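**Q** Sequence lines, in order, name chains A and B.
Each residue of the first sequence is one higher than the one before, counting from 1 in the working numbering.
Each residue of the second sequence is one higher than the one before, counting from 1 in the working numbering.
Keep in mind the hints are simulated off the structure, nothing from the lab.
Partial list, computed: chain A residues near chain B (C-beta under 10 Å):
#1 A13
#2 W37
#3 Q38
#4 H64
#5 A93
#6 V104
#7 I123
#8 A149
Only a predicted model underlies this, so the values are computations on that prediction, with no experimental measurement involved.
Each residue gets a CB set at the ideal place from its N, CA and C atoms; glycine is no exception.
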Amino acid sequence: MTVLLGHQRQIYAFIATLLPHQIELDDVYQQTCLVLWQKRDQFDPSRPFLPWAYAFARNEVFNHVRREGRGPCLSNELLERIAMAREESDSTASARRAALEECVKKLPKSHRELVEMRYASEISLKDLAATASTTAAALTMRLQRVRHALMQCVEQALAGGGRA
Amino acid sequence: MSDRRPRPERTIQPLAAIPAVESELFTLINRFCDATETQADCSRLESLLTDPAMPDAIDVYCAAMEVHGSLRWRWRTCQAGFQPIGQQRQPAPSELVRAGSAAHTWPTKQALPRPAIPGKKQAASPIRRESLTDRLLVWFNGLDRPVALAVVLQSVVTAAAIVLAVIGQIWQTNETAQPAVACGSIIGIKNAFWLSTDQPLQIGDPVVARKRLELAAGLVEIACDSGATVVLEGPARFEFLSEKTASLLRGRLTVTVSEASPEQQPADSVAGPRFTIQTSSAVVHDLGTRFGVEVDAVGKTHVHVFDGLIECVGRGLGNAPVARLAAGQGATVDQRGAVLRLAEPRPEPFAQTLSSVAEIRWDESRAVTVYRDSLVGAEPLAGTVSSSRGGSGDSPWTAPAANWRLTNAGLEATSPGSASLPFVPQSGRVYRLALEMTVTQGENDWAAVGFSGPADQGSSILDCAWMLQRHSTDLDPNAIFLGSDRKSLRYSAGDRTTGRRTLVIFLDTTRPRWTVTFEADGRRLKTNLVPTAARIASVALACNGSAKVLFSSFSLSFMESRHGSRN
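Generate the whole structure from the sequences, applying the supplied hints.
**A** Right, dumping it as structure tokens:
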């Protein structure tokens, strides 16, 4: 259990890459953790945990897509490629996350509040936009700019040897 | 299937290039993040990600999704900073405070009092509220589209609930410096697998406001400080917003609201909700006693009423539809807030009760005796001490002077009243109170044993944590009742046994909320919380009405927590 608790965030981020929509992301993450817990006896502690966990996460993503019975946004083949690319870049992911933490702190107040509102709630973007008397498209564009700024900040931090 | 071509081992490298903010690739990725993509967007995104001319597209996608996933993780699980769950700060017992009793739909200053933390400068609530308003205004003012008056009016009316939800969520993200507000305690657990805590919650642990419970599997029963009981069934995501309001994000629960005692219930309180469950599409107000709510995978809310009455309000745009549902009725509220009454409601999925028993590991060889009294003798009990009969304890019994007499078979009690010994429990221990009794007469009248307040020999009521045994089951099919106080939390053990019984109560003071676990003839029956208002000052025996009782083998002992606590 301890090893699972220590890697929850990585597992969550991995699933988010394949299923970015908030509600299904949370559902699949929860189900993945449950499966990992149920299969914990099968884990070989002499081997790295995350690749083992990612395999279950990937299965749960595809199970979810199949259960939902709707056409996924991206094809299964592409999702497999993305999963592989994401897994291979896992060593850089932790550095990215650390840099991102610093970058979030540097965001202008209004940007930070926008991101907070978007990610702290379970409310759809459309409803958030209605709250703010704007359109979902306008809100998406504002979020897009903030995310872009964060990505740039992260890349600059990585290029500068970790200084965000 | 997939292209599993090997890739070189990577070091920490920045992306070769981040596409422009308004590039097509970045725009499509962002729409995907915000669930606003169309099927055409999906097709185009797929083609860009697989375009040989854009070899870095997948890396850009992964980096963007890393930001998206990390931001979501940051605010879904933590109230400050990128803390993994295992490093989340747990509230110290001393920080747990009780919320006010007023019911509110969303957290407000009144519902969530902010007591001062010693040595810590703290902003007053009015300032806090202004700050939230300011933040919203800053955000609104920063939006770059002019808005027509009609749109504003419509949005204000239709999205009021959403504004409150957002405020509630913002509030949630700013609570790191605030003490956690206890809204209830765990009283039952069955096969629970938690994701939201580094240490599995146990019976007696507090549940605090605005801390999400993420239950992947199993059942958990929570006694709310408002008097309601919630049985949560995993997989589920749930959190208290206040003492009387909770949010169910996903999964299934059953709420039971106890009948309030006359002194707890104001005369004009008949129409007011006593407990409210909010979901993304509905608000369910309890106007009766027992109902179930489920939020399914697509965000629909399903409601079923077992007893009493509820009011179900859709959280859709436009005039909020309202349905009052009575016992046996059910409804589904879709994602838009439309309420549909069900012709054939299905109560089966809901787990309505969870009679849990805490694991108590009692080791008699390590127990320290406080009192031990065979109750065998030949004089009135009042004023005698256990040690004079070869037992332990030098405190004299307080007991009725007449009709409570020691005999060779035990203590005969033939009139209503109680006998008690002084006792004040200490934290960090498990106490065991044991007694043998036979109710020889009294029909539906009873004898009791338990922890009580100051000695009151004239009263047969034990008012902290007790269990009683009836003479017969003629009038009531349950011979034994268990309780944590005389007004509420009474629990029928479904036990029809009469005659000679060995009754035991374990009082566990090792956790923030004290619990009592009841045992009859070696069988553990139920664990209850001790009411926070209870002031235990004695251990006592009692009988009421026309009951005639033979008591024997009385004892009280304890173990320190390292011996007696549960796993």
